[in-house]
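Make the complex out of the two chains shown on their own, each in a separate frame, by following the hints.
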Amino acid sequence: MRTLNVALAAALLAASAGAGGGSALLRGGNVITVAGPTLQGADILVVDGIIRQVGENLQAPPGVPVIDCRGRWVMPGIIDAHSHIALEGGVNETGALLTPETDCADIIDPEDLDIFYALTGGVTSIHTMHGSANPIGGRGIVLKLRWGATAPEMVFAGAPRTVKWALGENPKQANSPDSTRYPKTRMGVEASIRAIFEEARSYQRAWRDHQRRAAAAAKAGKPAPLPPRRDLRLEVVSDILAGKLWVRCHAYQAAEMLSILKLCQEYGVKLAAFEHGLEAYKIADELAAAGVGNAAFADFWGYKWEAFFTLPHSVAMQVRRGVVAAVASDSAERMRRLNLDAAKTVRFGGLTPDEAIRTITINAATICGTDRWVGTIQVGKHADLAVFDRHPLDAYAVCQMTLVDGNVLFDRAAVLAERAAREARVREGAPPPTTQTPPPGGKS
Amino acid sequence: MKTRLALVAVVALGLSTAPAAGAPPILIRNGHLVPVVGEPIAGGDILVQDGRIAAIGVGLVAPPDARVIDATGLFVYPGFIDAFSTFGLEEISSIAATRDSRELGRDNPELHAAWAINPDTVHIAVSRLNGTTAALVAPAGGTFPGQAALIKMNGWTLPEMLLAEAAATLINFPTTPRPPGEAAIATEEKPKVDLAAKLVERIAGTLDDARAYRRLKDAARRDPALSPPPFNPKYEALQPVLDGERPVIITVEKAKDIELALSFAAQQKLRVILHGCAQGYRVASAIKAAGVPVIVDDLYTGPSEYEDGYDGAWTNVAAMAREGVTLCFSSGSALNGKDLPTFAARAVAFGMDRDEAIRALTINPARVLGVAHRLGSLEVGKDADLFLTSGDPLQITSVVQTMLIGGEVVDLDANWWNELYERWSARPRPAS
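These protein sequences, in sequence, are chains A and B.
Using numbering that gives the first Met the number 0, the letters of the first sequence correspond one by one to residues 0 to 443.
Using numbering that gives the first Met the number 0, the letters of the second sequence correspond one by one to residues 0 to 431.
Pulled out of the complex, with its shape left as it was, chain B reads as follows (with noise of 0.2 Å):
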C-alpha cells in the first residue's frame, strides 16, 4: 500500500519543466549562431519569448520591452545535454551521508531517481560554467539500478528542473573476463560456462517474469473468478520497458558482450539506448546496423584492453562516429560533469568529425532521450536553453559569458567556486 501511494505520489511530480511565461522578451543580437541543426548564422538575433525561441535571423526588430544582450564577438550554442551523470545524487564521493545512487540489491527497476536528486548541489552550477543545460541523472549499482530523470540544470525545486522523471530504465550488463594471455591458456583450463551469457539469461528471465505478471494481471481483470497476482513494484516498473515506451539504457563495454546487448535487445524488442561501449570500435558496424544509439562514457580512461591501444578511450569513439553510430557525449558522474566538453574534444583529437561531436553534445541526446522537440538545437518553437561563449565551446580557454535556461537568464557566478574565490581574493596581506 505504501508503495503504491509512493507512485501516485511520483507521477505527480513529474509535472515537467514549463518555460516561463509572461517574463520580458530576450533578444540575443548579432551573435555567431550556431544552430546545429542548420548552418550557422554570423550576425545573427534569436528572440526569446515566453522561454522559448520565438524567432532566429538576422536584423530581428526587438520588442519595445525586450532585454537586449549584446553577442557581438560571442557564439551562440544550443545547451549541452549531459547523457549520463549523478548530479544531485553525489555530492561528495567518500561521504555515505552524500551518496544517493546506489541501493542495496540486485534487481532495483522502481527506483527513481528523481526522488533522491539534490537541486541544490553545487556540482549543477559549477557543471553549468562549460555550457551544460539538461543532464540525465542515473542511479548506479546491480543488474536493475533503477530509473534515470532528465533535469534541466536550473530551478529551485526539482519538479521546476524535470523534463522527464522516468527518462529511461538502466540494465547493467556483465563484463566478459579478459581472455586468458598465452601463458595462462597454457597452464589453465578455459572456463566451461560463458558466465556472461548465463548473467544475461538471467536478465531476460526477469523480463519474462514481468511479462507473466502482466498476463495474470490481465487475466484477472477479464476474468473475475481470477485472483490478480500481489502487487510487485518491480515488475510494473518494468512494464513500460516492456511496452516499448521507455528506453532500456544497457551499460556494457567489451566488444562480446555488445554483441549479446545487441540479440538480447532484437529479442526481448527493447528500445535499447548503449552506455559506455568501450569497446564499439570492434563492433560498431554491428550498432549501427541495429540502429542503436550509444551514450559514451567518461573519457577520462585508458583504454578498455592493451590492444586497443594507449589511445583506445579516444579513438574508439571516432570509429564508432565514423561507422554513423548515433553517439551522446557523458560525464559519468557528477565531480566530471564540469568536463564534458573536455571528453568531446579528447574524442575530436583523436578524429572524430567536431561538429559531429557538437551534436553528440546537443541534438543527439535531446533525440536518444526523447526531447528533441524541446531541446537540442536553437530552432523557433524549441526552449530557450541555450549559451554565449568566447570560442569554441570545447576548448578548455573558452568562457561561456551568458547562459539561459528556459529563457530565463542564469546567474552564472552563484557558484561555490566563485563564493570561495571572491572571499579569498579579499584577503589582505597578512603581517610578516
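Extracted from the complex, chain A is given alone in its bound form (with noise of 0.2 Å):
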C-alpha cells in the first residue's frame, strides 16, 4: 500500500511538472527553504522540473547547466492566492447575478504581457479568477506561469478548481449608485445564495426522479420519459454542494464571513478560503477552528467602508492564531512585490522573516491546493523558484531569476544584455523599436 502510495506520488508530480521540465544545478546560495531552516551556500538540483537534491557539493550531472547562485537569496517561487492576469476580456459577468456556469479556463490567455511581469516578481504560480460582481461568479483555475507555453499548458494539473464567490459591497453594487440589480443589501447576498442551493437541491431530485422512471421504464419495456431541462447554471452549483469546487470568497468585514461559514457549514460546502478578508484579524480563532484560509492583503486598504476597519497588522494577527493566511495581490502592479508586501507583516504584527516568506509560498500554496507540489523547496517538488540578489524583504532586493519546472523563464542579466544591445544599435543609427510585441517568452 505505501509502495502504491509512493509510485501514485511520483506519477501526479511528474504529471504535473509536464513534458519540458528543465535541469539545472543552483549553486552555493542562501536557499530559504520554507520547510526547514535557511540553509548557507546551498546547491539545489533540479532534474527534468523536479528538485532532485538539496545541500552541499553537489555535482551537475552531464549537460546539466550550473547557475551560480553565490552571495543571492533562493526561495520557493512566489505563489499569488489571488489574481486576475492571464484571462482574455473581462472578468465579471454582471449581466446575471449568479454565473457559476462561466469558467476561467476558457479564457486564458498565455500571451498576457501580465505573465512576463508576474515572473519578473519571482511569480511562479497564480491563482486566476473571476471578478467580485456575483454572490457566486465563475469558476476560477491555478495557472503555472509557462511564459511562452499554451493555455492548457498553463494550468496547474492536480490543482483543485475553484468557484469565485463574493460578499459585500461589490455583489450589492454599493458603489454604482445607478444599479437597480438585486441584491442591494448583505441581506440580499446571502438570501441569494441560499436559494440556488435550494434550486440545485431541487434540481438534483428532478433528475434522480427521472433517472429513476427511466429505468422502471426501460424494465418494463415503455418509452422513456422526457428527462428535465438541463440547467449548466445548476449543475456547477450541484458541484459546490457535493464540494467538488473550492469556493473562494471575496469578502471583508467579520459579520458576513461568519455568516457565510454557517451557510456554508449547514450545506456542506467546502469553503477553501476568504479573498482579502480584510477584518478576518477579528474572528482568526472561528476561522482557524473551521480550517479556512485568507488570501489576504499585507496592508492595502481604506479604498472602500469595508476595507476601512483594517490594519496592517492583520495578516500577522491570523497566522499567530493558527489561520492559514496568504498575502496576495489582486492587482498585475502588486504582484511583482508581494515579497516587499511580506516585509510588512514582519513591521506590523511581528512575523518571524521566514513566517513572512511562508505567506507568500506554502500558505498560498496550501490555500490553493497545490501545497502537495509547491511552495518549499524540498526533494520532489516542482523547481519553481525566484533568485533574489537579497533577502527577500530586503526593500532592495531585485528578483534576479525565475524557473518553472526547472526551466529559466525570467533572468535579469539576459534583460540588461538584451536592453544594452538594442540601445547600442539605436546609437549606432538604428531606428526605435516601435512595435508592442512582447518579448518572446517561452523555454529556455
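For the record, the hints were derived by calculation from the structure and aren't laboratory data.
Cβ atoms here follow ideal geometry from the backbone N, Cα and C, with glycine treated the same way.
Keep in mind that the hints are not guaranteed to be accurate.
As the list claims (entries may be wrong) - To be clear about the criterion: a stretch of chain B counts as covered by chain A if any three or more of its residues have a C-beta under 8 Å from a C-beta of chain A, and this derived list gives those stretches:
#1 302-312
#2 343-354
#3 417-425
Stated by the list, open to error - Derived pair list, reagent style SDA-like, types lysine to any residue, alpha-carbon separation capped at 20 Å:
#4 A/K183 with B/I94
#5 A/K303 with B/A96
#6 A/K303 with B/V57
What the hints assert, rightly or not - To give an idea of the interface, some chain B residues facing chain A are shown, with a C-beta separation under 7 Å as derived from the structure:
#7 T97
#8 L225
#9 S226
#10 Y299
#11 Q394
#12 I395
Here it is in C-alpha cells:
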C-alpha cells in the first residue's frame, strides 16, 4: 500500500510538472527552504523540472547547466493566491446575478504580458479568477506561469478547481449608485446564495426522479420519459454542494464572513478561503477552527467603507492564531512586489522573516491546494524558484531569476544584456523599436 | 463680493506653523545622526529648544529642565517630506462624501486645497509611522486643478499645520497618445493635428488672458477714466504665478510632453516644477539643462510604455538622478502615504544612489517647495522635525521609534491601526 502511494505520488508529480521540465544546478545560494531552516551556500539540483537534491557540493550531471547563485537568495517561487491576470477580456459577468456556469479555464490568455511581469517579481504560479460582481461568480483556475506555453499547458495539473463567491459592497453594487440589480444589501447577497442552493437541490431531485422513472420504464419495456431540462448553472452549483469545487469567497467584514461560514457548514460546502478578508483578524479563532484560509492583503486598505476597519497587523494576527493566511495581490502591479508586502507582516504584527516568507509561498499553496507540489524547496517538489540579490524581505532586493519547472523564464541579466544591445543599435543609427510585441516567452 | 471675502479669509488663515515656544527643551542623546546636509555623526546629540534645533554635536550638556531621549542604537533623520499627496482631501476613495480633491470644470486656479483639508484624517497618523513629517497636499482634475498646500503632519487645526497655504499652482499637461504600432501605421492615417501642442497653446492662452487682465487693472489704476475689468478670481489667482512668486507644478508623463513643458516654462518665464515624468529618463539632460526639479509620482506602477522596460518606473528615477536632476519623492495619494520610503527604496534597488534618495525625501523637496530654511535637514536653527528609527528608514522592517514635529514629541501610537490592534488583540478566545 505504502509503495503504491509512493508510486502514485511520483506519477502525480511527473504528470503535474509535465513534459519539458528543465534541469539545472543552482550553485551556492542562501536557500530559503520554507520547509526548514535557511541553508547558507547550498546547492539545488533540478532534473526534469523536479528538485532532486538539496545540499552542499552537489554535482551537476552531464549536460545540466550550473547557475551561479553565490551571494544570492533562493526561495520557492512566489505564489499569488488571488489574481486576475492571464485572462482574455473581462472577468466580471454582471449581466446575471449568479454565474457559476462561466469558467476562467475557457479564457486563459497565455500571451498576457502580465505573466512576464509576474515572473519579474518571482511569481511562478497564480490562482486567477472571476471578479467580485456576483454572490456566486465563475470558476477560477490555478496556473503555472509557463510563459511561452499554450493555454492548456499553463494549467496547474492536479490543482483543485475553484469557484469565486463575493460578499458585501461589490455584489450589492454599493458603489454603483445607478444599479438597480438585486441585491442591494448583504441580506440579499446571502439570500441569493441560499436560494440557488435550494434550487440546485430540487434540480438534483428532479434528475434522480427522472433516472428512477427511466429505469422503471426500461424495465417495463415502455418508452423513456422526457428528461428534465438541463441547467448548466445548477449543475455547477450541484458540484459546489458536492464539495467538488473549492469556494474562494471575496469578503471584507467579519460579520458576513461568519454568516457565510455558517451557511457553508449548513450545506456541507468546501469553503477553502476568504479573499482579502480585511477583518479576518477579528475572527481568526473561528477561521482557524473551521480550517478556512485567507488570501489577504498586507496593507492595501481604506479604498471603500468595508476596507476601512483593518490594519497591516492583520495577517500576522491571523497567522498567530493558526489561520492559513497568504499575502496576495489582486493586482497586476502589486503581484510584482509580494516579497515587499510580506515584509510588512514583519514590521506590523511581528512575524519572523521565515513566517513572512510562508505567507507568499506555502500558505498560498495550501490555499490553492497545490502544497503537495510547490511552496517549499524540498526534494520531490516542482522546481519553481525565485532568485533574489538580497534577502527577499529587504526593500532593496531585486528578483534576478525565476524558474518554473526548472526552466529559466526570467533572467534579469539576459534582459539587461538585450536592453544594452538594443540601445547600442539605436546609438548606431537604427530606428528605435516601435512595435508593442512582448519579448518572446518560452522555455530556454 | 463673496469671493473677495473668501480670499481675505484665506490670507488670514495662512498664519504658518510656528514651532512650539516655551516647552521644556529636549536632548536627543547618542544617536547615529544623519543630518543630510553635512556628514553623519556617530554618537551625536541634538538639543531642541523652542521647537527648533538649538545645537548638534557630540557630548552636548542637557539643560537642567531638559527631557532626555536616549537614541542609543537608533538613527536620527530629518522628517521626510511627501512632495505630492492628497492628505485630508481623500479619506475613503470610493465614498464621494469623503473626497474633496477633484472639482468640476477645467480651469480652477483659484481653488485652495487648504480649504478642504481635514486635519483629523486617519492617513496622516498612519503615514507618520514611516517618518513623514510634512506633505504637499494637491487637488486634482482639469487643466488648472488649483493650489497645493504644504502642511506639517501634526496639529489640532489646519492653521497649526500649514507651512504654506498656497505652496504651488498646479497645471495638468496633456498626454500625447502612444504612437501607433506598425500594424496601425499601415492601416490608419496619422493624426494631422498635434493635439497635445494645441492643448498647451490653450494653457498659454489662459495665462495670456490673465496677463491682459492685469494690464487692464493696472491701466485703470493709473487712469481714473478707465474702468477696471470685472473681478475674475481665476486671473487673480494666476498673478503670483506670472510674477514668478509662486512655483507651478506641471504634471506630465511622456517624453515628448516633458519637452513641451520645458519649452512652455521657458517661454512663459515661470518657476516650474515637473511632476510625474514617467519617461523623464529619455529627456533627462534637457530637464537638467533647464534646471527644473522633478517630483516623482507613485512608484507602485508599471512602465509608462512597454519599451521603457519592465522596471521602467524605477530605472527612470535612477536615470534622472544620475543625470543630476533634482528629484523629490511623493506618494501621490493619501492612501499611499504610508509607502513613501518604499518608493525611494525601489528607486535605489534599480540604480539610484541611496544618499541621493534620502535627499529626495528631505532637503530636495524642502528647497523645491521653498521651505529649506525650516525643513529638510538636521541643522541648527531649523524646525525640530525629525525621527528616531531602528534602522535604515527605507527598509520596510525598520521601526520609527520617536518623532518630533515642531519640537513636540508626536504620539505615534495614536493612530487608527493601533486603535484596532489594541482593541482586537484583547479579544478573548471564543468559547468553542
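Outcome of the hint check:
A stretch counts as covered by a chain when three or more of its residues have a beta carbon under 8 Å from one of that chain; for the segment 302-312 of chain B and chain A the count is 5, and the coverage holds. Requiring three or more residues with a Cβ within less than 8 Å of a Cβ of chain A, the coverage given for the segment 343-354 of chain B holds, as 5 such residues are present. By the rule of at least three residues with a Cβ nearer than 8 Å to a Cβ of chain A, the coverage given for the segment 417-425 of chain B holds, with 5 such residues. As the CA atoms of A/K183 and B/I94 are separated by approximately 16 Å, the hinted pair is consistent with the 20 Å bound.
Straight-line distance between C-alpha atoms of A/K303 and B/A96 comes to about 12 Å, which keeps the hinted pair within the 20 Å bound. Between A/K303 and B/V57 the CA atoms are separated by roughly 49 Å; this puts the pair beyond 20 Å, and the hint is violated. Restraint check, B/T97 versus chain A: the minimum CB separation of about 9 Å is more than 7 Å; hint violated. At its closest, the beta carbon of B/L225 sits 51 Å from a beta carbon of chain A; the interface hint therefore is violated under the 7 Å criterion.
With its C-beta approaching chain A no nearer than about 48 Å, B/S226 sits outside the 7 Å limit, and its interface hint is violated. Taking 7 Å as the C-beta cut-off, the interface hint given for B/Y299 holds, the closest approach to chain A being about 6 Å. The interface hint given for B/Q394 holds, since its Cβ lies 5 Å from the closest Cβ of chain A, which is under the 7 Å cut-off. With its C-beta approaching chain A no nearer than about 4 Å, B/I395 sits inside the 7 Å limit, and its interface hint holds.
Taken one by one, the earlier hints fail for this structure at numbers 6, 7, 8, 9, listed in ascending order.
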